[in-house]
Every structure is written in structure tokens, then in C-alpha cells.
Amino acid sequence: MKAILALEDGRIFQGSSFGANGERSGEVVFNTSMTGYQEILTDPSYKGQIVAMTYPLIGNYGVNGEDMESRKPFLEGFVVKECSKIASNWRSKQSLDDYLKENKILGLEGIDTRALTLHIRKAGAMKAVLSTIDLDEKSLVKKAKNSPGLVGIDLVKKVSVDKKYLWPGIRQGAYKVVVLDCGLKYNILRELAKYKCQVIVLPAQASAEEILSFKPGGLLLPNGPGDPAAVKYVIQTTRKLIGKLPIFGICLGHQMLGLALGGKTYKLKFGHHGANHPVKDLKSGKVAITAQNHGFCVDIDSLNQKEIEITHINLNDQTLEGMRHKKLPLFSVQFHPEASAGPHDAEYLFGNFIALMKKYAKT
Amino acid sequence: MPKRKDIKKILIIGSGPIVIGQACEFDYSGTQACKVLRQEGYKVVLVNSNPATIMTDPEIADKTYIEPLTTEVVEKIIAKERPDALLPTLGGQTALNLTVDLAKKGILKKYKVETIGANIKAIKKGEDRSLFKEAMQRIGLDLPKSDKAYNLKEADKVAKKIGFPLIIRPSFNLGGTGASTAYSIKEFKELARRGLESSMISEILIEESVTGWKEFELEVMRDLKDNVVIICSIENFDPMGIHTGDSITVAPIQTLTDKEYQKMRDAAIACIREIGVETGGSNIQFAVHPKTGRMVVIEMNPRVSRSSALASKATGFPIAKIAAKLAVGYTLDEIPNDITQKTPACFEPAIDYCVVKIPRFTFEKFPEAKDILGVSMKSVGETMAIGRTFKEALQKGLRGLEISHYGLDSKLKYNEISDKKIRQRLKEPNASRIFYIKYALQKGYSAKEIISLTKIDPWFIENIREIINLENDLKREFNRNKKLSLESLRKAKESGFSDRQIAEITHSDEIYIRNLRKKNNITVTFKLVDTCAAEFIAYTPYYYSTYEEEDEVEVTKKKKIMILGGGPNRIGQGIEFDYCCCHASFALKELGYETIMVNSNPETVSTDYDTSDRLYFEPLTFEDVMNIIDKEKPDGVIVQLGGQTPLNLARQLEKAGARIIGTSVNSIDRAEDRDRFAKVLKKLGINQPENGSAISKQEIIEVAKQIGFPVLVRPSYVLGGRAMKIVYDEETLAGFIQEAQEASAGHPVLIDKFLEDAVEVDVDAISDGKITVIGGIMEHIEEAGVHSGDSACVIPAHTLGDDIIELIRKDTYALARELRVKGLINIQFAIKGEQVYVLEVNPRASRTIPFVSKAIGVPLAKLAAKVMAGKTLKELGFTAEKKVKHTSVKESVLPFSRFSGVDILLGPEMKSTGEVMGIDSSFGRAFYKSQLAANQGLPLKGKIFISVKNSDKRDIVFIAKKLADMNFKLIATKGTYKALTSNNIRVQLVGKINEGDTRVLGLIKKRELKLIINTPSGPRGQSDMKPIRSLAVTYGVPCITTIQGAQAAVNGIESIAKGNLKVKSIQEYHPKKS
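Going down the list, the sequences are from chains S and P.
Residue numbering for the first sequence follows the numbering used here, starting at 19 and increasing by one per position.
Residue numbering for the second sequence follows the numbering used here, starting at 511 and increasing by one per position.
Treat the hints as calculated values from the structure; they're not laboratory data.
Be a bit skeptical, because a hint or two may be false.
[As the list claims (entries may be wrong)] In the DSSO-like style, the derived pairs of lysine-lysine whose C-alpha atoms are separated by at most 30 Å in a straight line are: (1) S:304 - P:773; (2) S:140 - P:1141; (3) S:90 - P:801; (4) S:287 - S:262; (5) S:140 - P:1067; (6) P:948 - S:111; (7) S:212 - S:194; (8) P:1141 - S:344; (9) P:655 - S:377; (10) P:1502 - P:586; (11) S:103 - P:801; (12) P:948 - S:212.
From a predicted model like this one, the values you see are computed outputs, not experimental measurements.
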């Protein structure tokens, strides 16, 4: 079946549909990971986005029951060069096509994804519509132009759970950690559990008082979709909690922490979405290959560097990748130490968080 | 960290001759390393015995030693050059072994040479199976279960513990009984018993079999700050049990989830750290159980390898170049990525295409050997293809192999193949299995059945099925409509179908399909290989073709020349031609041209994106090349440097409008077409052995009888003497005709009078259309009848008289003038008595160009490229034949040890894979070095076995006398014994093997025999001595099969006995005029 991806600047990509039929709008971004489409599909940070994979052959190993990063896929559409007709892996439970159909996600295949990537690289990430019902190019471009996009929109509320829950496994952990569900990936919780933390997940709207009521050893602000500046309530909550307990921010969490500390965020041209970004730890001088997925970034110059120390830098474009407060117990990174999909090089940061909680508990 | 300042001079060891398992990839890596280290201000000393390499060009290193790669020789070089450091990881296994030996003998310590890259401890840990096992267990990595046993009872216990199937490996088993697999206890008991017997210490290693598991490789790099990155992941199409060099492989990994891949990545990083490779690249292999997902580590190579060359070409990340920088202290984050310029080399390449590598086999050259694949590598080359899908890349790869397949097409009719045959070809891994998968699917076999027989992953089988489904759809559509819709045509192109394949389906021809496509705008698009999946701007012009929406390659307005490479290595066409293509590129750049390289061989220097201004990584077929010509519209296309491959395309390309420069297509045809060539010779009054040609069996026999036996029979238009044979009688001829006809593919079979006992001479010359200058006159050591590629040869000619040489010159000039040669010409002569005959003229670069260039110190291929671009030899300053005072010997290296059961006798069909060069002040010394370098080191004392045919008996007396005078102990069979004793030479008598005397075999096994001289007479003599020759190969005893070779050997032994072996660099032989 025919499907069209229309970009707001008028560029059209026509291919065949797979997964569900329908019409969705979103910001088109490209992801350069060669593995991990299942994790990407289920990463709530892609809410509001249509994801194009630069690796052309997707779906080869199907979809399994274990590698989910959230309860369902939130993204608006999925674009590949070729969706495998067969799922070949001992853990595979269903094909990618079936999985997308089941979850009502639109898929587009058979387009020149490299041309799309080049277009976005040159022109920047942009709004688009993916449709199998309206095949009129002009109409689609118009729809794309009129779609809301990401800037200034709070997408966190669309992906957050509405009730608290406990991550299964550790009931009596060494540390109790509260995680605000801003669109978190399960692997963050799995990592905390691996470090013997008792994990309490709260809706993103939870107040500072509610968070403190659990007497947690630390707070983790996780990843999530969209523009951090639009998530004012979490920024306010964070501001109230700074200095009261150890805080670890990841991705959107890092951006919101940056805003809470008085910094500014800005939108990158086409963001970082992939599993091969070199990030230098300025203290050790070592480089970690990291998983990244963000379209916004904390402006290094906006941070008060008397209080805030820059800890990590992206070697590709020198953007801010990590910071810590010189006095207060908090640190954050723009990349994903929980990986999934991606390399495990930065997993040590969870250890750092444990150490910070330990140190803080003593004082 | 900045680069090290405490080291100034670095020694790099090359990998020696091209052999199976070690090919051009080490020239590629070594050349990169030399260049980069010199740019960093280090003095580089290089040693490599292979003259056909770019790395041994005098401008690549500061000091270049074309000397044998032995510990003694390298010690002499170290003593002379006193390097501070040795970089051992770029010259393959040869360099690693040599380094370990240098360390073991205390030589590195004595001269205070530090190993950089990988230290001795790490090399040993990576290479020694038990040290490796211990190391992996220490870091908690799973390995195939294994244990040792010293008797049957223990073996039984181990077998029960591990479970079947099992592999039994005898330890220290000389004589080559390798590993065997047992599927049941009954089989096991027998195999274990045999294993224990064949082990010198009665020890066997019993190992869990992982045959049939999924096989993966990771290319890893590490720096001194312990940053580790994965450059490329590779999945083998063929499962465990087939050497990865013989497997079709795919990059990146296709069938692992991120969780599984990251687990493998973690394991690889832990592995390189534990083994202790401080800097540089390593290749780590894993096996994964297809049902349970259990992952075991198989092995690691603590050095750059064939896979790392492939990974470099597959990703655009130059592993060897970066490895050299890391070895001198830089860290990954300090080195910029060449391709993006702005981002650092400390990252993991993201690719947005699929890469397929397919091995090239030459079983047709060894008819006695079965084409069954296993754990020992048998392929001689490889091709790599890039496509946007696996289907496209696979089909491009298959046509890039140049085995007359133009994709996944059919040579056989599937309904004529028996089920038995299909099952057997699927089950037993072999060179044509990929096509049998197709036949099986066509015959209606289910994917499941094929998977169970082949153990190939379902994903690959599914993709092949999709290719066949599309082919069937196209056939149906054509049968229905008598034409294909444009949509279908486009779909076929997107799935990698060649115009020829489509022509076959639609009963038309390639040109018709091509024009149809072009008329309807179904044309190729070119994309970049950029390491980053288009995330950053790429500056390096490295391209591949596909059928997509957008072509992103911009053509410049510069004057440009395109050079067509040689494709995958094969016997007869290898690194020598790549050398010439690279030189052309360098030379034309000097003249200000933009150079465009087209090649499909990932091992080579020519496919380094640094070599030419633009690189198109594409199959060398008319269609693929013409697509690039349409795009680039080059001012000239060079076809005479890449061997027979581009030459065969010349006529078609010219007809399609390409501008072929250099010798004209008409002249090429005049030299290659037998009848036209005979006319050329007749016109010039040049002798040719009596000859004729014929197509049918009856005619062939008639012609042969007319000429008179013995005759040399061969097909037209082939390289490397494929299906070429000397035939002494009608009966043998009748038996051989079919093979010759097949290789001829419809062209006539050529029949020449064979000149027995003639001396063969090769001449390489260059002409600009005005004057012709001879590069070298090479006298073969073996007599005419041995393929020139297998024969040793010497510059200057050492036995020919001045009058003969003058005749050779005269003929050379006349032929070059008549054929209006512009560029290189190679002529083969046979000298019988006072007569000079021309056997063959090749109006192209020959295999010997690099050797001659290094012998005389003149870069002939470079000059040729400049001549083709319009320069005259006078302008280039090369107007007179160069006279040299030293002697250079080229010796061939043969792959017999890889093909069990094959006799080692040399004949008109070329069998060697590579060559070495010995260079010294006299013939004897140079010959001695050449033998040493070819792993056929001549002895200075010990026992020598001699058995020669009657006609050689007179000559052997003189040779044996000299050997006896040098205190060798001689052993001979009856006839030879008589000849020697009647001349008062002390010799011991032994019987023939078929008479029951196996003493000679015993002496070989005991390693007492140091040299064998055996010239066989006729078919019977050949089979009598075959066991001796075969065993000699297994045990590495040099075996000389011609009387001329024996003469040269004695010469060599004598001259070294008189004075020590000395080393001298190429720069000293050819000092630059300042």
C-alpha cells in the first residue's frame, strides 16, 4: 500500500506502508543506530516524532518480549529503507510489521532514507506528516506546516504514568530512589535495581513534598520527550529539591535540572539520535561511546560556572554532555548511561549516583 | 597524549609473499602505516620480501629492505639500522611470528628495540590456545568446552562430560592429520585412538563442536588511555566450521538484537584489555548458538588482519593508519576522522548500507583437490560489494567475483539436478553452495529444509528467496506481456539484478536493457561511504552505486582519467596489477589529472580512499563500469594496468563511447587474436612455434597431428594459463579437449608446437609510440613449458649470449612499433639453440612490472601512465635501457600445502599465489635469498636426495659433484646412482617407493633430508615420486623439480658457503641522483 511522508518544506518521500494505516504528524528525526529498533520504538522520548532509521535493513530480528523500554511505543511514525519480511532470532516473538500493526504505529518503507537524512542534516529536523489515507502531496505539506511541532509543547504529560508504582525486584534495597516518570526508559530502572536500589516511580506531576514523603536516598530525573522548557512543573519541583537530596538527571532530566539551576536550553539543528557519540569525561580524560537521543541542549554559557562544573563534552560538536554542582549533591548527563539501545560505556554513572547517595546519607 | 619523542626510528615488518590467508591486505595496512609514521616525523625502516607491494616502493619508507623474512636476516637489518622500536602488528602472522622469535632469541633486547602496538606477552596470550583460554576464563567469558586427554579412558570421560558432537585435536602432530569431528561415542573411540597415536606426546584436545553456530566478528581498537571502540561488526553468512576467509560475510551484523550485540561488544572490549593489546586493532571472533543464544569467544588476532582491511573498506575508517598513530602515543580523541574532518576518530562508524564480501576460489586449477570448505582457508581472493540492501549487495558481489555469474543467476537448470546432488552440495560447504541454495529453492525445497542442511541463518535464506521470487515474477510477467513494465525493471535493478540477468530473463541482450533503462530514466545513483550515515559532511570521495532516488556525487570540471583495477585476487592476477593501478593514479596526479579508481577488491591499496582522487567501489563488469563513465565522463580510461579483467572490457567500453587511452583496442585484439597475431609476426619476419587453432574435437586432433607432438594446448582469452597443458600423444590430447573447450567458452582452442628444453625469456618494455625502451629481459630458470608466473627468473639474463639478447631486443622494438604500443608491453620468448621464438605478446602491464621496476630502480607503471596521458619517454627522461650491476631473482610461491593430494609439479597452468625477490651482487647469492624468502631455504649441509630422468643424467653429474665437494651426503635411486658412481661421486643407493623402499619418506619425517632434486620423466615417473614430493611439501623440505633449478641451487649454496649473507636497502641499490 502506498504511503507518503510530506515535509513542511515541501519535500515528498513516497514509499509503501507497513504496520498500521492512518495519518500522523510529528517532527522527523533520523537515528543512526544499526541495532536496537525495538528499544527505539518503545522509548517514550520519541513522542511527537517520526523516526527514520539510517541503517536500511530493519526488522531482521523481530520483536521480543524482554527488550521493551516502556509499556508501548509512543512515536508518531517509523521510516525505514526495507522492513524485513522475516524475523530471525531465537528470542523473537513477532515480526516488526505485526508489532507496529498491533500498536497502531504507521510504518513507511522503500524510500531513499539517506536522501531524507541528508535533507534533515542540511535543513534541520522539521515537521512532517506520514499518511496512507491522504495521498495528495499539497494537502499533506499543508498539514505538516500546521502541525504543532515540539517547541513549547509539554509532551511529558502525554507519556507519564498517572499512578505511582514500584519497580519489581528489589523491595528492601540499600537505597530508595524516586524516579519521576517524564517518559522514562525501563533500563534506567533495571540499572538502579542492579545496584540494589529500591525504585519508586512517580508521575511527573508529583510534588516535592510527595517525593520527600518517601524519604528517598536520591531522586532520578529521567529522559522524556520534547521541549524541556515546556515542562515547568517538573522544573519547579526540581528547584525545590535541589540540595535536599542527591539528584541524578538523564537527558530531559539533565535539561530540566539545567533550567532549574538557572541555565537556558536551545534546540539543536537535528539533534543527536544514535549509539555512537563520543563523550569525554573531562576529569578522567577518557572517552565513552554513548547512546543519545535529544533535540534540545543545555547552553554551556548560560550556566553559572562558579557553581556548576562541566563534566562531559560531546567530541563531535563540543556541546554540553554532563555537569555537576560544585557544592550540592547533584549531577546530570545529556546522554544515556542506561544505553539500550547502545553501548554500556557510561554505565559507571549509576555507580557514581550510588556513591553520591552513600556520601550524602553519611552527612 | 602527544606522540612519543623518545623513539626516532621504527622498523616495520611486512608479510612477505602473497599466500592463501595472507594477501594484499597487509600491503594496504603496511603502506598506510609507513606513510603516516613518516608524516609524524619518524624514520621508517621496512623489510618485506615481496617486490609486488606498494610498501616496498623506495619512496614509502626511509630504508626499504627487500630481503627474506627470517630471524637471521632481520637481525642483520636491526644491527645495521638500529631502530628504536618495532611495530609488529601490520605484517600479518608472518610479522608476529618473526617478532616473537626475535624476542625469544634475545635479539630485541640485545639491540634495545622496543615492540610498540602489541607487546610480546600480549601476542603470546592472543595466539597460544591455552593461554588464551585461561585469560578468557579469568574475565568470565564463555568458550567452547574443552579438555585434554592422554589415554582412551580419560578421553571417554571428557567426551561424556562435554557431549556430542566433539572435535578431537591431536597435540604436536607433525604430518598434518588435523582435527576430526565425532558425532557418536563409536566414532569418537576410533578417532580418539587415532588422534592419540598421531600425537607425538600422546595428547589430544577434546573440544565441544560449535560447527553450525552463528559466526560473528568484531573489529576493535584501543589506545594508550584505554579508550576502546568497535569499528565494524561482521556476520558470517556461512556458519561456524568454515574459515571466515572462505565464508561470505556481511557487515554490519544483521540478526542480533541490541542487547545481544552489546553483550558481544562488552566481551570484545574485556578481551582486548585482558589480552593486553595496548594500542591498535584486533579482530575477535564469536560463535552464537542459533537456538539458545549462548555466546562463546572463539579467537582473537592481536593485529590488523584481512578482516580489518575489509572493515576499513566497509566503513571508511582506516584501521591500520589509526593503529600506527596509536602505536606512537596518540589517543583516539586526538586523531581527526579523515572523512568528516571535524569529528574525532574516537567513535564507532555508523553505516547506512549493506556490505557483502564473497571469497574467490580457484579449485579449477587443482582438479585433484575437492572444492569442500572447512576450517583451513582455501580461497585466494575476495570481492566486496556495497548496496542499500543485502539482496543488492549480494548480487553485485557475485558479479564482482568474475566467475561468469552476473548476479544470483543460474548456470545449471535446476530441474536437471538430482535431489541427491542438491542435498550433498547444501550439506557439504563448498564454493558454489550459494547457487545450490537457489537451485534448491527453485526445486521447491522449503527454507526450513535448506536451513537444516546448511545451518545458514533464516534471514539470509529469506533474502535469497526474495531474489528468486522476484526473478520468477519477472519471468511470468515477461511471458504474459512479452515485455517488462518499468516498475518491474526498476524493482529488479533495486534488488541488484544486472542488465545481463534481466536480458536473460527477457531473451534480449545487455545493451538493449541498458538503453531501455536509460531511456526511461532508470539509472544508477551514487552514494557516499562516509563513516557516519550522513550525519556529518563527508569530504572523502568514496562512492558506491545503487538504485535510489538521490545521486549525491558531484562531478568536477577537472581533467580526469579513470583507472580500472583488477577485481578479486586470483591465481594469475593479483597484487602486481593493483600495484600498477596505484602507480598510475600517483603518476597522473603528478600531471595534474583528477584520478578515478574503480575496483572491487577490499584487500588492496587501490581501494584505499587515499590512493586516488575518487574511488568507486564497484564490480568490474561492463555495466557497472559504464555507469561510472556515464557519470564522470573521464577524458581517458586506462585498461592495460589491471590485468586481463579490464582488458576484456576494453572493446565493449569503447563501443559504448568510452575513451580508452594507451595502446588501442584494435592493437590489443591484434595481439590476442591468434590469426591476426600470426599475421603480425609473419609481416615482421619473427619466428613463432608452429601453431594452429580449432574448435571441434576432431579438428583439434588433426591440427595437433599436423604440427607434431608434443604440443601445447590452451584456450584463448584467459590469464594464468588456465586449462593449458603440454600433451605428448593423441590419447592424452583427446582426454583434455573438453576442459580446454570449456575454458575457451566458444573461442577456438589454440595448439602450439611445444619447444622442449628451450629457455624462456620474458621482456617488459615501454613505448610511447615513438621509441621503445626495454625495462628488463628476464631469463627463466625453469625451461619453457613451466608457466612464466610459476617460474623463477633473473635480471639480467645470466646464460644468454649477447647475440641472442640483441635478437630479443630487435623483436621487441619491432613488435611494439607494429602494434603501436602506448604504454607497457610484455613479450614471452623461447630460445632454442640459436633460434628466438615469440610465444606470446601482451599489450598490457604484466605480472613482472613491479619486480622489474624494483630490479632496475625505474617506476615503469608510473611512466606508462604518463605516456598514456600523452607524455613522451624523452620528456620523462627514460630513453635507454638501464644497466644494473646487481642481480635480482624472482621466485614464485605455491599453495600446494593447502590442497592435499595435489602434485607439486610445475606446468603450463599457473599455480602460484605470490612471489618474492632476492637481490644481491651475484646470481648465486640472489638466488639463495630468493629461495630463503620463498620458504624453500637451501641447506648448507646435510642429506640430499637425487632422482632425475634420463635426459638429465649428464647434467646432474656436474651438480652432484659440486654438492659432494661441499660435503653434502647424497642419496639416489638406481639410474641416478649409476650415473653418479660411474663418475666417482660418493652416493647412497635407495629403492623406489613402489618397489617397497620407504626410507626416503622416513628421512623426510625425521627431518634429516634437507633437499630433494627430482626431475620426473613422463607420466609414470611423475606418479612414482609423487608421495615423496607431497611429503616434502608437508614437512617443508625444499623440492626442486627441474635441472635448471638444481643448477641454480648449487650456485646459490656455493656462493653463500663462500661468504655470509648480507643485507642492503633498495635505496642503496638505486641511489637518488641529486
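Quick rundown of the hints versus the structure:
| no. | hint | in the structure |
| --- | --- | --- |
| 1 | S:304 - P:773 | 21 Å, holds |
| 2 | S:140 - P:1141 | 24 Å, holds |
| 3 | S:90 - P:801 | 27 Å, holds |
| 4 | S:287 - S:262 | 36 Å, violated |
| 5 | S:140 - P:1067 | 24 Å, holds |
| 6 | P:948 - S:111 | 28 Å, holds |
| 7 | S:212 - S:194 | 13 Å, holds |
| 8 | P:1141 - S:344 | 59 Å, violated |
| 9 | P:655 - S:377 | 44 Å, violated |
| 10 | P:1502 - P:586 | 43 Å, violated |
| 11 | S:103 - P:801 | 20 Å, holds |
| 12 | P:948 - S:212 | 48 Å, violated |
Figure legend: structure checked against the earlier numbered hints; hints not met, in rising order: 4, 8, 9, 10 and 12.
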